[in-house]
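Under this note's numbering, the first residue of the sequence shown is numbered 2, with each subsequent residue one higher.
Since the hints were made in silico from the structure, they are not lab data.
Treat each hint with caution, since some may be false.
Straight-line C-alpha distance at most 27 Å; calculated BS3-like pairs for lysine-lysine [said to hold, decoys possible]:
1. K80 <-> K42
2. K3 <-> K113
3. K124 <-> K181
4. K181 <-> K42
5. K3 <-> K42
6. K113 <-> K181
7. K107 <-> K80
8. K3 <-> K70
9. K70 <-> K115
10. K107 <-> K124
11. K70 <-> K174
12. K86 <-> K107
13. K124 <-> K42
14. K80 <-> K115
15. K113 <-> K124
16. K80 <-> K113
17. K174 <-> K42
18. K70 <-> K42
19. K107 <-> K3
20. K181 <-> K115
21. K70 <-> K107
22. K86 <-> K70
23. K174 <-> K115
24. K86 <-> K124
25. K174 <-> K80
26. K42 <-> K115
27. K115 <-> K3
28. K124 <-> K3
29. K113 <-> K174
Each pair of labels, with its calculated beta carbon distance range [said to hold, decoys possible]:
30. D141 <-> E168: 19 to 29 Å
31. G187 <-> D157: 15 to 25 Å
32. M2 <-> E36: 13 to 23 Å
Just so it is clear, CB atoms sit at the ideal spot from N, CA and C, and this is done for glycine as well.
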Amino acid sequence: MKVFTRALGPVQANCYVVVGNGHALIIDPGDAFDEVEQLLKENNAVLDAVLLTHAHFDHIGGLDRLIEKFDVDVYMNEKEFDFLKDLHLNGSAYFQVHIQSHAQPKAVVEGKQKIGNFEVSAKTLPGHSAGSTVFQIGDDLFTGDVLFQGSIGRTDLPSGSYAQMMESIAYLKTLPHDLKVYPGHGPATTIGQELCWNPYFR
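Use the sequences and the hints to build the structure in full.
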């Protein structure tokens, strides 16, 4: 499996294109990017679906254009369905960028499930937002804005909670040390690296 990373949108949120066995998923399309078709073509892959770790504006900015072009399903935590159209819940009202999506998402299931050609394990880890969800695909963990290299996501936006974030971090600390972490912003890391260097893991 290959993971391609593109930092997109006004605050450079990471968008991931996960490719394996002729299929692909896109995680958190923060903005439209022309390379997606070329990536799929170069890897002889078809796009199966889009996953959202959460529905803040910087992770959904390219969603509508993406599903208009590829006509694929969008999966996310149902707790944040309303975020897609609500400028305050998705945070865009506070940054004066006014981003909305008219996608009709499907609720991601807690635990293991098949999405397209991929085995995906989903776990709701609130704190950054009520429906923040991490996705594990193989040995890769996509954490959205729950966990960053050396830090964690902010908890001061609507539905955020520092207490819930600490519970979520406590769960992440129990995961295998060699699990590779692909965060919503910044460089990739591992659970083991965060146990060594992330002050919130101590």
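Q | Cβ distance range 15 to 25 Å for G187 and D157, holds or violated | A | This hint holds: roughly 19 Å between Cβ atoms.
Q: Take the C-alpha atoms of K115 and K3, compute the straight-line distance between them, and say whether it is at most 27 Å.
A: holds (18 Å)
Q: Quickly compare the C-alpha distance for K113 and K174 to 27 Å and report which way the hint goes.
A: holds (20 Å)
(Q) What's the verdict on K80 and K113, does the C-alpha distance respect the 27 Å limit or exceed it? (A) Within the cut-off at roughly 18 Å; holds.
Q: Please work out if K124 and K181 have their alpha carbons no farther apart than 27 Å.
A: Distance ~16 Å between K124 and K181 Cα, so the pair holds.
Q: Measure nothing beyond the straight line between the CA atoms of K70 and K115; if it is 27 Å or shorter, mark the hint as holding.
A: Within the cut-off at roughly 23 Å; holds.
Q) Given the hint that K174 pairs with K42, does the C-alpha gap stay at or below 27 Å? A) violated (38 Å)
Q: Mind checking the alpha carbons of K181 and K42 for me, to see if they're no more than 27 Å apart?
A: Distance of about 26 Å is within 27 Å: holds.
Q) Can the restraint linking K113 and K181 be considered satisfied, given a maximum Cα separation of 27 Å? A) holds (18 Å)
**Q.** Proposed proximity, K42 with K80 (alpha carbon, max 27 Å)
**A.** Measuring from Cα to Cα gives roughly 34 Å; hence the hint is violated.
Q: Starting from K174, check that the Cα of K115 is at most 27 Å away, please.
A: Holds: K174 and K115 sit about 26 Å apart, inside 27 Å.
(Q) So if I understand the rule, the pair passes when the alpha-carbon distance is 27 Å or less; does K80 with K115 pass? (A) Holds, because 20 Å separates the two Cα atoms, which is no more than 27 Å.
In summary, the numbered hints that this structure violates are 1, 11, 13 and 17.
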